[in-house]
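Given chain V, work out where chain E should sit, using these hints.
There are 2 protein chains.
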Amino acid sequence: MHKFNVADTYKALQSEICTKLEQLDGQVVFETDQWAKPLGKGITKILTQGDAIEKAAVNYSVVNGKLSSAMQHALNIEEEDGYFATGVSSIIHPQNPHAPIIHMNVRYFELGSGKAWFGGGIDLTPHYVNESDAKEFHQELKEICDKYDANYYTAFKQEADDYFYLPHREETRGIGGIFFDHREVINQEKFEHFLAFTSDLAKAYPVIYAALLNKNRNAPFKSTEKQWQNLRRGRYVEFNLLYDRGTKFGLESNGRTESILLSLPPDASWVYQSEPQAHSAEAKTLALLKKGVNWLDLDRESEVRL
Amino acid sequence: MHKFNVADTYKALQSEICTKLEQLDGQVVFETDQWAKPLGKGITKILTQGDAIEKAAVNYSVVNGKLSSAMQHALNIEEEDGYFATGVSSIIHPQNPHAPIIHMNVRYFELGSGKAWFGGGIDLTPHYVNESDAKEFHQELKEICDKYDANYYTAFKQEADDYFYLPHREETRGIGGIFFDHREVINQEKFEHFLAFTSDLAKAYPVIYAALLNKNRNAPFKSTEKQWQNLRRGRYVEFNLLYDRGTKFGLESNGRTESILLSLPPDASWVYQSEPQAHSAEAKTLALLKKGVNWLDLDRESEVRL
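Protein chains in written order, with numbering that gives the first Met the number 0: chain V, 0 to 305; chain E, 0 to 305.
Bound conformation, chain V alone:
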């Protein structure tokens, strides 16, 4: 069976990611919780209060059941059917406000009918947007995509812009990245294609983050910058609880709450009508949290846009 292949591959990827993130932090290791519920089982790995990582979560799960109507809605599919799902998802909240939040997810769904698909992505949420880091991040994602299909990066970058968006704030969650869903497995070749693609993404994830974190893990910061970090974390909470399909699917499918909500930051703040000062780094960040920014060629783009 295909599906147990995917589950085993993803489980191994979870281990690999955790090993690399422990090396990156250098101070604290992951705690492991194996859990089992009627609908399935999983391994939750959590690292907190490290040297540079304040909270990193890496979840692996394999579940199956019958789709409720709420789950169909969350998944945006119409079939009433049994389902099998496995995936790895991870999020990292750094200590330093000058380092970004990162999120990665790869997942595989199979319905009782045999219809199956992959989804996933990586996206970055800097508290302070740095254009050259953003360019490098998108460049690295493009290189992985291009190995599989010359159209993937453009299509999946657009999907990330559309998905990681807070309409009530008119802000993107961060600088996006790539996001894809419902990439249907129509034959064995496609199955191997997507399993390899999602595996490559999961493998690249800790490597990409290491470069970004190491740049700023020891950067000096002011208390006002820490406050800004907490406000941006508040926006992250808003996205995850109001819009994130994984969160909705997890809660609707009676998943393990403590694993699903591990994506939430350690702390978050809300301040009424907080407006950054004109021409500040915070104001610049807000101005860049828009859909459709061409991070690969921002210089030319920004002349037009700003």
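The set of hints was computed from the structure by calculation and includes no laboratory data.
Certain hints may be false.
Within a straight-line C-alpha distance of at most 25 Å, the following computed SDA-like cross-link-like pairs (lysine to any residue) qualify [as the list claims (entries may be wrong)]:
(1) V/LYS247 / E/SER67
(2) V/LYS290 / E/THR47
(3) V/LYS247 / E/ASP266
(4) V/LYS221 / E/THR47
(5) E/LYS225 / V/GLN94
(6) E/LYS10 / V/GLN272
(7) E/LYS247 / V/THR256
(8) E/LYS247 / V/LYS189
(9) V/LYS189 / V/GLU77
(10) V/LYS40 / E/LEU165
Just chain E, lined up with the frame of chain V:
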């Protein structure tokens, strides 16, 4: 027209509530924002970093438009129609973890068809549940209800238990209170009945809170108790963003985001699998955050339950 009557009454209640809360805090006064959007207008009042109140918000708004399907879903009604809505909603987050969070809302809806209804309620979310305070709080709500209908308290207390509930945590948001919705205005008498009832609730709200806050505003507390307060605030965020109908309706109707999300606490925390110590005050609080607790007669109840 009825509806402008309600809007004027609610606007005056907003002022009255703010005056009383300023007297209660004694140190900081409300800031006022008048706003206007295509769909309507409102007044947002916010008090922050007071002597005893960390954040109090009192919103008044009067809006109208056409119901989108998402709004119909949020309102739990089936009609496609134009709507008029006005209401006052308020929330108070105290500085001291031994004082409770409180929330009050009264609202009036009228559809283009002429169908109209009232809704509202008051509910309390103590960071630490104190049974005698809880009894007193419910007793005061029952007295207001009983002036209008001998069945209201029991019915609306049950509705509050059902509504202010986090299924993914298997916890009530707090000790409940009363909640009612879709109380239809079938004649002039009913209109006056519900306008008086909702006005009485709004008037009682700052008085009820004053007693609760004054009891504990200067109570000593440890840093671990402040951390517990932040965890409970995290649960409050979860409820408001995942389940609250007012929040959903507000965001879906393209309302004023900063006013809608004023219910969120100044700060909140999430800690993976945080479990209070056995027999601690925190553990006692968690054990009491259940549906169906008879706060008016807890002693007898608790013998059965615990």
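Does E/LYS225 pair with V/GLN94 here, judged by a C-alpha cut-off of 25 Å?
holds, 21 Å
Would the pair V/LYS221 and E/THR47 pass a check requiring their Cα atoms to be no farther apart than 25 Å?
holds, 23 Å
When you check the alpha-carbon spacing of V/LYS247 and E/SER67, does it fall within 25 Å?
This hinted pair holds, its Cα atoms lying about 22 Å apart.
Under the criterion that the straight-line Cα-Cα distance not exceed 25 Å, is the pair V/LYS189, V/GLU77 satisfied?
Within the cut-off at roughly 23 Å; holds.
Pair hint E/LYS10 and V/GLN272, alpha-carbon separation not exceeding 25 Å:
holds, 22 Å
Within 25 Å, alpha carbon to alpha carbon, are E/LYS247 and V/LYS189?
Violated, at about 39 Å.
Sort out whether V/THR256 lies within 25 Å of E/LYS247, counting only the CA atoms.
holds, 22 Å
Given the proposed pairing of V/LYS290 with E/THR47, does the C-alpha separation stay at or below 25 Å?
violated, 33 Å
Proposed proximity, E/LEU165 with V/LYS40 (alpha carbon, max 25 Å):
Cα-Cα ~23 Å, so holds.
Are the Cα positions of V/LYS247 and E/ASP266 separated by 25 Å at most?
holds, 23 Å
When the structure is compared with the earlier hints, violations turn up for hints 2 and 8 and for no others.
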